[in-house]
Structures are given as structure tokens and as C-alpha cells.
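S.K.: One-letter residues, chain by chain:
2 protein chains.
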Amino acid sequence: MDCLSRRDLDFVLYEVLEVDRLCGRSRYREHSRATFDAVLDTAARIAAEQFAPHNRLADQNEPRFEAGRVAMIPQVKQALQAFCQAGFIAASFDAGLGGLQLPVVVAQAALAFFKGANIGTEGYALLTIANANLLAAFGSEEQKRLYLPHLLSGRFFGTMCLSEPQAGSSLADILTRALPQADGSYRLAGHKMWISGGEHELAENIVHLVLARIQGAPAGVKGLSLFLVPKFLVNADGTLGARNDIALAGLNHKMGYRGTVNCVLNFGEKEGALGTLVGEPHNGLACMFHMMNEARVGVGLGAVALGYAGYRHALDYARTRTQGRPPAAKDPRSPPVRIVGHADVRRMLLAQKAYVEGGLALCLYAARLVDEERTAKEARERSRAHALLEVLTPIVKAWPSEWCLAANDLAIQVHGGYGYTREYPVEQLYRDNRLNAIHEGTNGIQALDLVGRKIDGLPVLTVEMERCVEKARRISGLELFAEQLSEALQRVTGAAESFPRAVDAALANAHVFLELAGHVVVAWLWLEQAIVAARALESAAGDEEAFYRGKLQACRFFFRWELPKTEHWHRLFVDPDTTCLDMRDAWF
Amino acid sequence: MDCLSRRDLDFVLYEVLEVDRLCGRSRYREHSRATFDAVLDTAARIAAEQFAPHNRLADQNEPRFEAGRVAMIPQVKQALQAFCQAGFIAASFDAGLGGLQLPVVVAQAALAFFKGANIGTEGYALLTIANANLLAAFGSEEQKRLYLPHLLSGRFFGTMCLSEPQAGSSLADILTRALPQADGSYRLAGHKMWISGGEHELAENIVHLVLARIQGAPAGVKGLSLFLVPKFLVNADGTLGARNDIALAGLNHKMGYRGTVNCVLNFGEKEGALGTLVGEPHNGLACMFHMMNEARVGVGLGAVALGYAGYRHALDYARTRTQGRPPAAKDPRSPPVRIVGHADVRRMLLAQKAYVEGGLALCLYAARLVDEERTAKEARERSRAHALLEVLTPIVKAWPSEWCLAANDLAIQVHGGYGYTREYPVEQLYRDNRLNAIHEGTNGIQALDLVGRKIDGLPVLTVEMERCVEKARRISGLELFAEQLSEALQRVTGAAESFPRAVDAALANAHVFLELAGHVVVAWLWLEQAIVAARALESAAGDEEAFYRGKLQACRFFFRWELPKTEHWHRLFVDPDTTCLDMRDAWF
Numbered sequence: 018m019d020c021l022s023r024r025d026l027d028f029v030l031y032e033v034l035e036v037d038r039l040c041g042r043s044r045y046r047e048h049s050r051a052t053f054d055a056v057l058d059t060a061a062r063i064a065a066e067q068f069a070p071h072n073r074l075a076d077q078n079e080p081r082f083e084a085g086r087v088a089m090i091p092q093v094k095q096a097l098q099a100f101c102q103a104g105f106i107a108a109s110f111d112a113g114l115g116g117l118q119l120p121v122v123v124a125q126a127a128l129a130f131f132k133g134a135n136i137g138t139e140g141y142a143l144l145t146i147a148n149a150n151l152l153a154a155f156g157s158e159e160q161k162r163l164y165l166p167h168l169l170s171g172r173f174f175g176t177m178c179l180s181e182p183q184a185g186s187s188l189a190d191i192l193t194r195a196l197p198q199a200d201g202s203y204r205l206a207g208h209k210m211w212i213s214g215g216e217h218e219l220a221e222n223i224v225h226l227v228l229a230r231i232q233g234a235p236a237g238v239k240g241l242s243l244f245l246v247p248k249f250l251v252n253a254d255g256t257l258g259a260r261n262d263i264a265l266a267g268l269n270h271k272m273g274y275r276g277t278v279n280c281v282l283n284f285g286e287k288e289g290a291l292g293t294l295v296g297e298p299h300n301g302l303a304c305m306f307h308m309m310n311e312a313r314v315g316v317g318l319g320a321v322a323l324g325y326a327g328y329r330h331a332l333d334y335a336r337t338r339t340q341g342r343p344p345a346a347k348d349p350r351s352p353p354v355r356i357v358g359h360a361d362v363r364r365m366l367l368a369q370k371a372y373v374e375g376g377l378a379l380c381l382y383a384a385r386l387v388d389e390e391r392t393a394k395e396a397r398e399r400s401r402a403h404a405l406l407e408v409l410t411p412i413v414k415a416w417p418s419e420w421c422l423a424a425n426d427l428a429i430q431v432h433g434g435y436g437y438t439r440e441y442p443v444e445q446l447y448r449d450n451r452l453n454a455i456h457e458g459t460n461g462i463q464a465l466d467l468v469g470r471k472i473d474g475l476p477v478l479t480v481e482m483e484r485c486v487e488k489a490r491r492i493s494g495l496e497l498f499a500e501q502l503s504e505a506l507q508r509v510t511g512a513a514e515s516f517p518r519a520v521d522a523a524l525a526n527a528h529v530f531l532e533l534a535g536h537v538v539v540a541w542l543w544l545e546q547a548i549v550a551a552r553a554l555e556s557a558a559g560d561e562e563a564f565y566r567g568k569l570q571a572c573r574f575f576f577r578w579e580l581p582k583t584e585h586w587h588r589l590f591v592d593p594d595t596t597c598l599d600m601r602d603a604w605f
Numbered sequence: 018m019d020c021l022s023r024r025d026l027d028f029v030l031y032e033v034l035e036v037d038r039l040c041g042r043s044r045y046r047e048h049s050r051a052t053f054d055a056v057l058d059t060a061a062r063i064a065a066e067q068f069a070p071h072n073r074l075a076d077q078n079e080p081r082f083e084a085g086r087v088a089m090i091p092q093v094k095q096a097l098q099a100f101c102q103a104g105f106i107a108a109s110f111d112a113g114l115g116g117l118q119l120p121v122v123v124a125q126a127a128l129a130f131f132k133g134a135n136i137g138t139e140g141y142a143l144l145t146i147a148n149a150n151l152l153a154a155f156g157s158e159e160q161k162r163l164y165l166p167h168l169l170s171g172r173f174f175g176t177m178c179l180s181e182p183q184a185g186s187s188l189a190d191i192l193t194r195a196l197p198q199a200d201g202s203y204r205l206a207g208h209k210m211w212i213s214g215g216e217h218e219l220a221e222n223i224v225h226l227v228l229a230r231i232q233g234a235p236a237g238v239k240g241l242s243l244f245l246v247p248k249f250l251v252n253a254d255g256t257l258g259a260r261n262d263i264a265l266a267g268l269n270h271k272m273g274y275r276g277t278v279n280c281v282l283n284f285g286e287k288e289g290a291l292g293t294l295v296g297e298p299h300n301g302l303a304c305m306f307h308m309m310n311e312a313r314v315g316v317g318l319g320a321v322a323l324g325y326a327g328y329r330h331a332l333d334y335a336r337t338r339t340q341g342r343p344p345a346a347k348d349p350r351s352p353p354v355r356i357v358g359h360a361d362v363r364r365m366l367l368a369q370k371a372y373v374e375g376g377l378a379l380c381l382y383a384a385r386l387v388d389e390e391r392t393a394k395e396a397r398e399r400s401r402a403h404a405l406l407e408v409l410t411p412i413v414k415a416w417p418s419e420w421c422l423a424a425n426d427l428a429i430q431v432h433g434g435y436g437y438t439r440e441y442p443v444e445q446l447y448r449d450n451r452l453n454a455i456h457e458g459t460n461g462i463q464a465l466d467l468v469g470r471k472i473d474g475l476p477v478l479t480v481e482m483e484r485c486v487e488k489a490r491r492i493s494g495l496e497l498f499a500e501q502l503s504e505a506l507q508r509v510t511g512a513a514e515s516f517p518r519a520v521d522a523a524l525a526n527a528h529v530f531l532e533l534a535g536h537v538v539v540a541w542l543w544l545e546q547a548i549v550a551a552r553a554l555e556s557a558a559g560d561e562e563a564f565y566r567g568k569l570q571a572c573r574f575f576f577r578w579e580l581p582k583t584e585h586w587h588r589l590f591v592d593p594d595t596t597c598l599d600m601r602d603a604w605f
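The listed protein sequences correspond, in order, to chains A and B.
Throughout the first sequence, residue numbering follows our numbering, covering 18 to 605 in sequence.
Throughout the second sequence, residue numbering follows our numbering, covering 18 to 605 in sequence.
This is chain A alone, in the form it adopts within the complex (with noise of 0.2 Å):
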């Protein structure tokens, strides 16, 4: 079984995202619905093949400290390797690089297939990615010349070193120090947390991308400085020299996604680590979030990998297992049915498609975005996606993070006493979701980062929704949706406006907004695949007719069971409520 449906990632990107019609401009023209089909189809069979096989065992033989060096099972390289080979890597970048050219957001939906049969052996593709994009914008020539091709190729592995043990998620205290050398180098010295990838021996070398205050730099987060510190240094040739100055200390033992191995590393207990600047002094902070932000979609379309999986593990699950009878059937020699024939268990379904389907909408829509602001034809719309996809990044992060991983609760509500069982799939899936909400910034963060910084991005969200909303009232069936959607969205706008009165309250409830804002945003993903779904059915039959049904009725479970929690949150952010501003530490 496919962790994620097929025919549903088509109809997201080709019936709701229209992305085919990319292959229309320059840089795509190569490509066409066949190309993406067979990446997609590529990408489905390795994932099959190579990454679901060893999910469980990873989980089971998490990453070893031994003597300085991480040993793990074998299939982890292996299908590491079937993935580079196939190009996964490099599948959005350039041709000139060795890269596929793809759209990201079709490069994204292959991921998700990884993602689902595998996140612990996926992840160090998601960080090697994010790290080439990061060196390709903001890298120097021979930077770029050394390590980008080999990062490409999989010959190279990259992580993102930002935390600290005293600084998580404020970065300003960020300690580790970095010493300029006469040969315009730069030796680094500290302790860095929580690295994801940070030792393996998957790869040939490992390319750390390190924050780093530079000798004499100002304080707090206006001092950090990007640094590309290699394990193995690179000599000017392109062969690998001497090990750098970056010690092992010791790995953090997770919960759930133990594939992926988390590293405390030292940098700097002798000489120094020696590594090159990236982009600007000062201005680390800035490149970081280029990868930050990549890596943020990634986690969240992630997340709604993984609850998708979970989704279709209980499906198959409720339609298999006999259990019970209909509330009418007296009789108890009567057979049992199977517990898709129960309505609650139907509710605990529905609820699972609403949260993984919307959530799939949303990541490849701002998957798209990437795409519309790099290849649009007009300024103006590529400055249209970019402000979109600000004003979306801290939703597409947090929200699948929080209710798909509400999917995969209810995936082991479905199976029952099997389901908490490590037998089955969905306790993995289950713990292995529960970081979403914690790596790359947590959701509070988010949210802060949502209301603080990202809120003057809201009005060109608005026109869309209102684009949106005028479509569906022009569809049989969809106008009380539209209108639902309608007054929804005012609770965001009039949530906006009412930040300025009263900031300590809004920061303080900042979540709050996050929770108003990404619902509602989902609710439109909704019905813009309600829209599709409606115009299809008026000629679509058996299972294509189920599948727009399905759709209909998950939109109907959100927008009935979902959107009006909206209300409460509104109310809570415009009155603003003062509970929590107001509790004092003692009177715990």
C-alpha cells in the first residue's frame, strides 16, 4: 500500500494547481504531465522499495554512539543512495548543475512519498537539499565549485547547526565563536545542539552550515555570521583532506523519528574548525532562513505525510476488520460488520482525510508559490507569491504539525487495542509526527513569528480567499460554504486589525491567531477543491464519481466540524483575553 494516495496528488496537482501549465514557461519547457507522472511513479516505487521496507527496523535499531562514530543499519545508505542515484537531490535545480529542473512543487510531491514510507531515512535528504539550495543562493564561486556538485549528487551530505545547549529557540544567544585567519578563513569554536545528520558515515563528507559570531560582533541575533564547516576539509582539487575540528559528543535518544540521527557536536576542542564564510558577516541570520524556510515547508509537508500514511493504514484497517453491528441489528447471531460501517469510526476517518488531504492542498500550494515566485512572467507576481508565501510559511509549518498529527491519533483510535501496539504501523507514525511540532522552530515561535512579523502579509492572502469565496457562490451546493469562508476570513482580518490596540495581549495569544489563521486557510484549500470537484462530477462516474463525492463530503466534515471552531478562537484573540498574560508564576 502507498502511504499517500496517487489520485489524490493528481487531482492537487493537476485539477486544483493546474501545475502542467508550467511547462509553459521557459525554464520548465522540457518537461510535461508525462515527465512529472514518471518522477512521481520513480519516486512511489523506491519509496516502496527501498525506504518503507526498514521504517520499523530504524525505528526499532536507532543510530548508535561508537567511540566517536554513529553506526546504524545498513538499509538507511542503501536507500539513500537509490535516491540520489535516481536524482531526487538535485530535482529541482538546474540542468547546468546536473539537476532535473523540475518544478519545486512537483519535486516536493515526490518527496512526500519518501517522507511517508520512511521520515527517519528522508530526513537527511530534506537537510542536504535545503543546504545545496542555501549554497546556490548565497555561497561564493568556490564555494559553489567545491561543494554544491557533490552536495547534488549525494556525494555530500549537509546540515543546519544553529542551536545551542543554552539557546533553542533564541538564537541571539548563540555563543559559538568564530576566528578570522590571515587567509581570509576562519576557525570556529563551540558547542552546537540538536543536529540533525550531524555524524554518519552515509556519505563522504558532511557540509555543517554553522552560526557563529565573529570575534567583536555585535550582540544578539544582528552578530551571527554563516560559516560552511566541513567534517572532512576539501582541498582546492576537489579531493577530501584532513578531518576538521568537529567532535562527536554525544546523541539525543528521540521518541520517534530515530532514524534520523541527533547529534551534540563540539566544534573546536583543539585548533579550531576551519571554515569559509557564507554571504555577508552579520548577516548569517538571513541566509539561514532561506534554508529555514525550505526546511520549514519540509516539515510540515512531512507531517502531513506521515498522518496521511496513518490515514490510509486505518482505512485499510476499518475496512477489513469485522467488529460489532449497526445500532438497528437486535439479532446477535447476525454477522458483524466491518467498522467502516459505523458511523463513528466513519467520523474518526473523515476527520483523517479533512486534516491530510487539506494539509497536502496547502503544502503543494506553497510548494507553488516557490515556483510562481521564481518563474512568473511579471514582477508583480512573482512579488505576489513571495508575500504569500511569507505570510504562509509559519501556517504550512505549524498546522499539519498539529492536526495531521491529530490524523494519526485517531489512525490508533481506529485500530483499537492493535493500533498502541508496535505490531502495527500507526504508533511509529504517530511518534515520529510528534516532533513537527517542536524542530525548526517551534509552533509558539511560529506564531510569533505569524503575528510579529508576518501579519502585514495578510491583505494579499485576503484577495485570494475572496477570489475564492466568489467562485464557490456561483456553485450549486458550495454557497453556504462560500459564505461560511466569507465570514470566517473576517475573523482573521478583523483578529488583524485588532492587534495594534492591545500588543501585549496579542503576543501574548499570538497561538491563538495561528490556530484562526491556519484553519481558515485550510477551509479555503478546502473549498477550492470543492470548486474542482463540483464542475467534475457534473460528468464523472463510478470511482472517479466516488472520488469527487469523497472530496464534497470532506469538505462538508471541515467546514461542519472544523471552520466553526474559528469562532472561539476569534473571540479569544479580539476581546483579547488576559487569562494567561495575567497568571502569575507563584499561583501555579
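By construction, these hints were calculated from the structure, which means they are not laboratory data.
In this text, all values refer to a predicted model and were calculated from it rather than measured experimentally.
Wrong hints could be hidden among the right ones.
Put simply, identical chains are the same to the list, so a pair is met inside one copy or across any two.
The calculated DSS-like cross-link candidates involving lysine-lysine, where the alpha carbons are at most 25 Å apart (straight line), are [unchecked claim]:
(1) Lys347 with Lys471
(2) Lys239 with Lys347
(3) Lys239 with Lys471
(4) Lys471 with Lys582
Since the structure of chain A is already known, use the hints to place chain B on it.
M.R.: Leaving out everything else, chain B in the frame of chain A:
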């Protein structure tokens, strides 16, 4: 650190529930607040000294199947011996049976310490106590003579054997059969699944209470009888005889709650397992529900204790961990603050406080009703308590297993990345607590129980809540809460009245009714706490003043952030929404 606040426990027991008043009743006349306190002190001490230290160890070294036996770490047996020797199995039993004859509410409060410290080890005790209670109520004189004293001393442990591989929630499909023997005993044969404590060497014997069908019995639940089937036969003189025909077929490997061994048992692979009938033939389910109801209150309290332990850890972490600065602090050189200083962290702590302290009040209120049911002077009072307990049991089981799990989720989030690692305790608490929505009847089954069987008990519950509303209306600062509870209460009664008009939709949406009723009940118990706190504040100072202010603030949180959710649930139930009912399998 204790896994629950003794100050809060004393508040609920003595200030809200006034359990010391029970000492005026003849059954408890040997007791006083001093003896209750001594019991709670002992429980806290043994929990901290014997249960907590091996909680993580037992999680990391779960019971193993070895040549038909169960092997586990020795600390489990040692802890349970200390537990039994201190009299906790027999805590609420008659002095004549060697019990402490404590009120059930005090005995349950004592158990909460063990559950919070190590729910896996406490699980064996929970089952043994419930088993002994069932035998005391329905066992024959012979059964009581041969088994009860040994259960109460901890020489024997107990189980409940209901589920079978093909029959989890659907007890009507139980296939295990019982063949009557010439001497009045039975020989049983069948497969039992999910048997907690089904095999171990923690006690000399294991007393299985088994649901089975006497040859020729009717189909369905009305053909089920209950049998006592010991692991070792017991001779008339009390010595142990031959091993019974019960084979350990395998263990289930759970996500959490790993310390409690969970077994697949085959009864009667050879000549048939020897058992004796408990109660009347074909009346087994009624007997078993005596044990089930007690187990359900125990499950609810377990969920509270796990949530509570997580809250205490999160609070401790938030008070010591420094990170970031308040929004107004612009200077990055200013020192970072303790994270409890961030409003969003206080939100997460306040939500946990509202859930776990609300849950504790709920469970202890229910336990107090057991005492009322047994010892109230007037028959009317006893039957009122019985009716309240009936309608509350599904809520006591389901509400904490949902919302105190939500508390565990927030406890992880407060810890950030650390909370996701196995080096910190909160991830285990989260995994452990996830079981509680499943076992002893899934929350879906609790919802059907509430809507299908218990809804008639609602008026007696309504009277209690209205009494609270009247009290609160006269207390300065609580008037608004009184109005809000009154309105919320009308939502519950309105929903209940709408039920007969749309039976199918109501049964399909039973889960929403359970959510609605649960939140209103907990809001009521928060208002009861607030009434006591508001009065006490008139003369409190220092730590005591802070404690009561915390109670009022948590009540305010529940009424502002949680109770309004009932508006949405109410609409879904009364409209009623048929989205899930209408959904078809083919549309997924």
C-alpha cells in the same frame, strides 16, 4: 518531586469534598483526618521510593516471553510487595477481611500517587483490587474463602478476561465456551486477548475472571457467564494444587504502559481449564460490569495522574530553564528569563493545570459517590449517588484520557526538544497515557454507553450543577461563571432532549455528546473549586493566598478557553449534523 501536588489533593479531599465528614459514619468511625493523612503520606513515600525509581527502567526493559513464562525486571515485584504490605490492596475493604476500611475516595487518592509514579507497575494492583471487589460482591462463600484473603494480602493477583481476537469492543461475539462438569465446576476453552497481568511471577497465583459461554447458552451478551479460573488450582485447605490448563500464547508489545505485561492466553488447549461459576449463569456481563465500572474510574484516575506528573515536570522545567526575553526587552545583552515568564508558556502550563486539577476533582468526586452509595444514611441519598455514578462513569473514564493526554502533549511542548527525548520523563508519560482512551472500553464505546444507556441519569446530575450555579451567583467575582455554567448546562439538557427526535444521528454523534457533557461537568467541578477558593481567599495570605488565586485563575482559564467549545459541540449534536452518517465507504 512528587508526581502530584499534596496541597491540591488536600484541597480537593478536605476543602471541596469534605471527606473528613465521612468519619461521622459508622463504617469509618475508626478513622479521622489524621489516619487519612497518614495513609496519603505512606502512599507518597512508597510511590517515590519504590515505584518512581524503576518507571523508566521498566519502560526500557519491558516484560519478555521466555519459554512460556514472563520475565521482567525484579524491581516490579519488590515495589508491589511494599505496596501490598502497607495494606493498599485491601485499603477500602472491611476490617473483618483484613482491610483498612478506608473510604473509597481516600483509597483512590492514595492510588493516584502510585499511578503517577509508575502506572505500569501500579496496573497489577488496580486489576487485583477490582478483582477482589467483584468476588466480594458476587463470589460464593467458597470462592471468597479460597481466594479473597489472598487477593487482599497480595499473595494472589487478579485479571479480567473479556476480549478475544475477534471480539474487542463487541462482547456479544465472545466464543470461549464452558462445559459443565459433574461436580458443578466447568472446563473452559478459548482464546483471550489483551489480558493485562495475564501471566507473571509477581504473585503465587493469578485469579482470572473470565467471560465465557456455557454450552447451549443464547447468542449475544445475554449468553455470557463469568468464571473464576485460577492459574494454579487451589485445594480446599488453601494450598496450591496443579497448574491449570492456561497457556501463554504471546505478549503484545505496546507503545507505552510497557511495565504492565499484556498477554494472549489460550484456555483449555488440553483437557480444558477448570473454573467455577461466579454469580448466576448467563448473568456474567452484569457481574463483570461491577469490575469494569471500577476499572473505568481507575483508568480515568490513571490518566489524570499521568497528566498531573507531566504538568509537575513541565512546571519545574519552566521555572528553571532560561531562554529568550520578554517582547519589551530590546537589548540582547539583557539576561534571558525563565521560560515561565513567557505568556505562551504560561498558557501551556495553565491549560495543563486546568485539565489535570479538573480531572483530579472529577475522579475523586466519583470516588466519593461510591462512598455515598455504600454508606449514606438515607436510601434516597444512596440511590442518588448510584444514579450520579452511573451517568458520570463514562465521563470519568473518557474525559481525562483525552484531556490529560492533551496535558502530556503540552508538557512535551514546554520542554521543547528535550521533551521529545527519552532523557526526560514527559515523552514516556505521553506514550503511557495514550492507552487510556482505548482500554476498558474505547472512548467511542463510552460515548455510546452515555447516550444509549446512561442519559436517563442526566436530571439528577443537572440538579447538582444547578445547586452549584446558585451558590456561585452569590459570590463576588463568580457571577459570570455561574451564568456561563448555567448556559452550558442548558446545552447539555437541550442536546439530551433532542436525542429522541433523531436517534440515528444522535448515536452517530454520540462522541460529540460525550465531549459536550464532559466539558460541562468539569467546568462545574472547577466552579465548585472556585467557590471554595473565593471564600478561603478572604482570610488567606502568602503561599495560601497564591494557591487559591491559582485555583481562581485556572477556573477562569477553563471558562474562557475551554467551556466555549461546548457551543460548537452542542450545535453539531442538536442540528444534528449527518456528515459522518451520510459518508460512504467508496468515497474515502
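S.K.: If a hint holds in the structure, say so; if it doesn't, say that too.
M.R.: Now for the hints, and whether the structure bears them out:
1. Lys347 with Lys471: This pair counts as between: shortest inter-copy Cα distance 19 Å, intra-copy 58 Å.
2. Lys239 with Lys347: Between copies only: 12 Å across chains, 72 Å inside a chain, cut-off 25 Å.
3. Lys239 with Lys471: Within one copy only: 19 Å inside a chain, 62 Å across chains, cut-off 25 Å.
4. Lys471 with Lys582: within (23 Å within a copy, 28 Å between copies)
The structure fails none of the hints (numbered hints given earlier).
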